[in-house]
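Protein sequences appear in the order of chains D and H.
Numbering-wise (the working numbering), the first sequence opens with residue -9 and increments by one.
Numbering-wise (the working numbering), the second sequence opens with residue -9 and increments by one.
Some hints could be false.
Identical copies go unnamed one by one, so any copy, or any two together, can satisfy a pair.
Claimed, not checked - Straight-line C-alpha distance at most 20 angstroms; calculated PhoX-like pairs for lysine-lysine: (1) K9 <-> K209; (2) K9 <-> K40; (3) K45 <-> K9.
Treat the hints as calculated values from the structure; they're not laboratory data.
Nothing here was measured: the structure is a model prediction, and the numbers come from that model.
Protein chains: 2
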Amino acid sequence: MAKELVAVNENWTVQTCLKEISIQAEDIDEIYYVYVVDDNFVLKGVLSLKMLIMKPTLTVIKSMVTEDVHFVRTDASQEEVAQIMEKYDLVALPVVDQIGRLKGRITIDDVLDIIREEADKDYQMASGISGDVDAGDNVFQRAWIRIPWLFIGMVGGIIGAGVLGSHSSQLEQIPAMAFFIPLIAAMAGNVGVQSSSIIVQSIASGTRNFDSVGRKLFKELTVAFSIAFLFATLIFVYNYFFNGNMRLTYSVSITLFIVMIFASVFGTVIPLVLNKFKIDPAVATGPFITTTNDILGLLIYMTVAQMFFKIL
Amino acid sequence: MAKELVAVNENWTVQTCLKEISIQAEDIDEIYYVYVVDDNFVLKGVLSLKMLIMKPTLTVIKSMVTEDVHFVRTDASQEEVAQIMEKYDLVALPVVDQIGRLKGRITIDDVLDIIREEADKDYQMASGISGDVDAGDNVFQRAWIRIPWLFIGMVGGIIGAGVLGSHSSQLEQIPAMAFFIPLIAAMAGNVGVQSSSIIVQSIASGTRNFDSVGRKLFKELTVAFSIAFLFATLIFVYNYFFNGNMRLTYSVSITLFIVMIFASVFGTVIPLVLNKFKIDPAVATGPFITTTNDILGLLIYMTVAQMFFKIL
């Protein structure tokens, strides 16, 4: 990942530097910074060409070098590099080995590509696509990147059918229960996707957000409670006026309340756990969280309804 | 959006330039390029500091200037700027007015922010969040950015309940039909989100993809047919062995086949139509497409099942 760069010795004068730069620079597209090294090629500081031009020609480099030079080690991750360059608005970043010797530089155009790639990958994950969207004209390639997540959806659907099947006596008794299956599944899915993408973005912007895991969960829970309460009330009002069956009306609202909170917690916790185990938390967004929450929603719906129809 | 920059006259020598630069550059953070202008301040070319250092001091600027300088007019859009800078790996881009006079420059760190913003916005749209995820600690603000899409989901759920309610006699006759509602809704939703995000990314990367609308639709349709056929077959095999009701087995597979194709077409066409009317096509990803396809899926399921149970 490192590239050619211009390096000068800290004991040289500006004049020597400019001469040396014009030799070293022959093969380099652009010089953004001039790196200052000692006799062992250990990185000591950084200069811009502007600084060199503006100083008297006999100034010694050592005396004008910037002390707080930003750099990365050769084993730094792409994300680390991108974060440092964005944070300090750098167009190039020097790379050093374990004992600080200058090995090369990374330029902003590499970082731009990384940022694009990361963003595209997260977006694709959230949409249930594994792989490049411009997968070419081959129909099998284009289908292949979509099949895995659809397969997860289908398995989830079959499990969902199993859950409903094991409560078929309830559905036979109150067929109107089936009417609200899509609503509960959709709300669970949507809330879960929101929560997971919020936490994934919060993890991705690591440097910008210092909330502890506990604090993140607490914030998400307070929001989940408010949203769940709002929508449980809305659907209650709707059913109260347009649905004759009061036991079903209660069941749907209470289910929705519980499901939305559970879906939020799941959506928040799963990416955090994946991240802990060094798995990209973005895999937990989109179809995965939707499928999990669909099944969860059905289970809670059937359980709550069973209780209500026994009690009332 | 334009920033301070260093400009030199095309008739100066390298020596004069370097002197002038050291004066102009006092107030500028970084010099990436030196812009060459004529007596009327019309942009004539661009130089890098490196080129200045490497040339004999008496060379006239005019003779060393790069002819094909990239620039934007003052009314250029953010996306246009980002695309040019990415395409040509530039770290700064000059801005000129309608008659070509140099007005300022845009640097790469501005572009980085734009790219991040655009990517975050698309990601949030796909996740059903309207607004900044780091919306602060206020629970109402944090809830507010999530409520609109959830509301759409709830209205969709209520319409879905209406669709099922109007076919309640069917559900009473064959309660097992309800078992496959979540599966069909989930598959419709997932395929639709995939299709819409593929087309949204394809629209966003305008310069990289020159397929006509017809070609895009054709490519999507061939993929949709293959995927729909695959999953309709898989669920047929599953139901053949684990579900006694052959009429239901046929209904579910045929429904799934039709629904997946319809969902793909919807997911592709809606963003294209929005884009035609200058609305950000990204609003059609996520909850919007999921909700539409949920309802569509239920309608098709009920219609197909009705036909099959009459015929067979």
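These are the hints, each one checked on the structure:
1. K9 <-> K209: This pair counts as neither: shortest intra-copy Cα distance 59 angstroms, inter-copy 57 angstroms.
2. K9 <-> K40: both (15 angstroms within a copy, 11 angstroms between copies)
3. K45 <-> K9: The answer is both: 15 angstroms in one copy and 11 angstroms across copies each meet 20 angstroms.
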